[in-house]
Amino acid sequence: MVFRLFIAVFVGLLAVVETTEAQEHPGVESYQQVCQLCHGERGRGDMAPALVPLGFDVEYVLAVVREGYGQMPPISQRELSDDNVRQVVGYLESLSSSGSVAVQTGYDGPRTPAGQPDLNGIWQVLNSAAWDIRAHNAQDGVPAGLGVVEDNIIPYQAWASAQQQENYANRFTADPVRQCFLPGVPRITYMPFPFRIFQTADHVVMTYEFAHAVRIIYTDGSEHPLPNDFWMGDSRGHWEGDTLVVDTTHFNGETWLDAAGNFHSNELHVVERYTPISSYHVDYEVTIEDPEVFTRPWTMRMPLYRRVEEGLQLLDYDCVDFILESANRSDGGAQ
Amino acid sequence: MLLTCPLLVFAQEPTVEFDPPRTEWGDPDFRGHYLPGQYQPLEIAADENWEPPTGGSQGNNAAFSQFFEPDPDAPPRPARLTAPMIVDPPDGKVPFQPWAAEQRNDIMVRQDELEHLDPRVKCLPSALPRAHLPVGYNTYQILQLPGYVVMLYEWNHLYRYIPLDGSPHVSPDIRLGMGDSRGRWEGNTLVVDVTNFTDNTWPVGHGAPPEGAPGRALTTGHGVFHSRDLHVVERFTFVDANTISYRATIEDPNVFTQPWTIEFNALQRAPNDHMLFEYACHEGNGRGISLMTGADLETIRLGVR
Chain A
1 MVFRLFIAVF VGLLAVVETT EAQEHPGVES YQQVCQLCHG ERGRGDMAPA
51 LVPLGFDVEY VLAVVREGYG QMPPISQREL SDDNVRQVVG YLESLSSSGS
101 VAVQTGYDGP RTPAGQPDLN GIWQVLNSAA WDIRAHNAQD GVPAGLGVVE
151 DNIIPYQAWA SAQQQENYAN RFTADPVRQC FLPGVPRITY MPFPFRIFQT
201 ADHVVMTYEF AHAVRIIYTD GSEHPLPNDF WMGDSRGHWE GDTLVVDTTH
251 FNGETWLDAA GNFHSNELHV VERYTPISSY HVDYEVTIED PEVFTRPWTM
301 RMPLYRRVEE GLQLLDYDCV DFILESANRS DGGAQ
Chain D
1 MLLTCPLLVF AQEPTVEFDP PRTEWGDPDF RGHYLPGQYQ PLEIAADENW
51 EPPTGGSQGN NAAFSQFFEP DPDAPPRPAR LTAPMIVDPP DGKVPFQPWA
101 AEQRNDIMVR QDELEHLDPR VKCLPSALPR AHLPVGYNTY QILQLPGYVV
151 MLYEWNHLYR YIPLDGSPHV SPDIRLGMGD SRGRWEGNTL VVDVTNFTDN
201 TWPVGHGAPP EGAPGRALTT GHGVFHSRDL HVVERFTFVD ANTISYRATI
251 EDPNVFTQPW TIEFNALQRA PNDHMLFEYA CHEGNGRGIS LMTGADLETI
301 RLGVR
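Quick mapping for you: the protein sequence lines, in order, are chains A and D. Quick note: the first sequence, position 205, residue 205 per my numbering, numbers continuous. Quick note: the second sequence, position 288, residue 288 per my numbering, numbers continuous.
It is possible that part of the hints are untrue.
As the list claims (entries may be wrong) - Cβ-to-Cβ under 10 Å is the rule here; a few derived chain D residues that face chain A:
#: 1; residue: Q141
#: 2; residue: L143
#: 3; residue: L145
#: 4; residue: Y161
#: 5; residue: L164
#: 6; residue: G177
#: 7; residue: T198
#: 8; residue: P214
#: 9; residue: F277
#: 10; residue: E278
#: 11; residue: A295
Because the hints were derived from the structure by calculation, they are not lab data. Ideal Cβ positions, reconstructed from N, Cα and C, are used throughout, including at glycine.
My request is simple: use the sequences and hints to build the entire structure.
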């Protein structure tokens, strides 16, 4: 599955922004009246994800508009007719093709036989997000960092902010990764370990050195399965131009976002955008949505770097083995 | 002996080799989802005359059946194959060095100690060829690109990259739970040479050994151990469009008197809608380990970031 289209029903609250586009494209008026409050001006995203570039066809959009999806309520014909939806799709497509995309890639690296950027290889972040995704000073064993969260603000609900502070105070015992539990998504991406992408025509498989975690990302148009909870969620991907968009849901709510106690619930919905900007760099953008914990969706961004050492391969970081060694050393377990 | 065990002929090599489709770049096409093969014992027990103590438990399967009533509407399961997977040596027995046979007995009577407990139960990597033995909790996905075969295992979210470029094994100082795989094509057969294993896994072991059975009485491969010199050579060959035969030669001069070989149909093509689910092994395992061994893993915290 893909982005949740997120359309407000609070039509009466809208302040319609008049621009010259209103005369230029017949879809502008409907978009501004019904969609813009959540999806932002010109489809750039706000509380709800960006719709530019648009990665779906009219039929899909119509289905989502009528049936709703996730937090997005169904929209009636009276509020937005089928013709209006088609006009809005046309408007968003015109924006998608007119160079208004947030990341202009100019990617000129290798491509697969299907024409997509070839992400095959070993990648790794170079930052301190694993310790704390927000700006933080150094501590013993922890490098300082400017943070990877947009505006350095995680929009916690009040109770959740208090919970995060409690998590932080207890982080050396409460962090699930310290028990060698799977880190979840997106934390697995910025663990300080390499990961390998194996990209075929209908799959992108991400294999991680940390705890031999695996994400099998179907890019064959298939949808999320019936509800099950997973540590690593269920990932479905599609290509929007040169960007691999991965939509992940079905989390179990047991994982954290970093070692500083930033957390989420099982309502977590992650949208990752992997946009290669050269043969060696991917612009990695993550939108986090979780209505149980946050007041609005929020975004992280960081580069991924291709590891270029000759003969490089993923090795083992099997922390289960370290847990067992610790238990054997202490003759029965407890430290 | 052989005359009284006619099913032994099952394990012979396929006489007519199936010619599989090719990938766009000309390699035999192994891509797809697969289910495990049919249950089959690994070995002929070293002590074939061992009987479980009368009046005692009938083993783990019996214990399970007390909790799970059989579903009367379930389709009948195929009859179990009775011939051993071991085709060499021809007696079907694991060719242990004498001290190692004793060690296996010791390992099996000490399954209530964390150090000796089955590494599968501890959620360590399966190693090889154990990842291909027929068990109900494993399914497979094989992906290919020019120069690579990748095998994904549902069991414990394990994976293997098999480069086909003739590159040498990684440094002998490096140890890997699934070993270091290097592959090549011999006709339609994928041949994989695997080294650089750790020494805390078991190369085989599937099904449920009778409770209390000593190592010498087992037919399931449990308690067979290896050293860091384990060397496995695998051969994957299509026998028909939906079945891949698996032949593995297991060599470890520190433990066995000779290389030994298992062969069986290990991969059956799965239905079209099959997908691998997350098998989070360690995450829920602490309580079980505690009950089995008394070791409290749940209070341990690592220094990982």
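Flag every earlier hint the structure violates by its number, smallest first. 5 and 8
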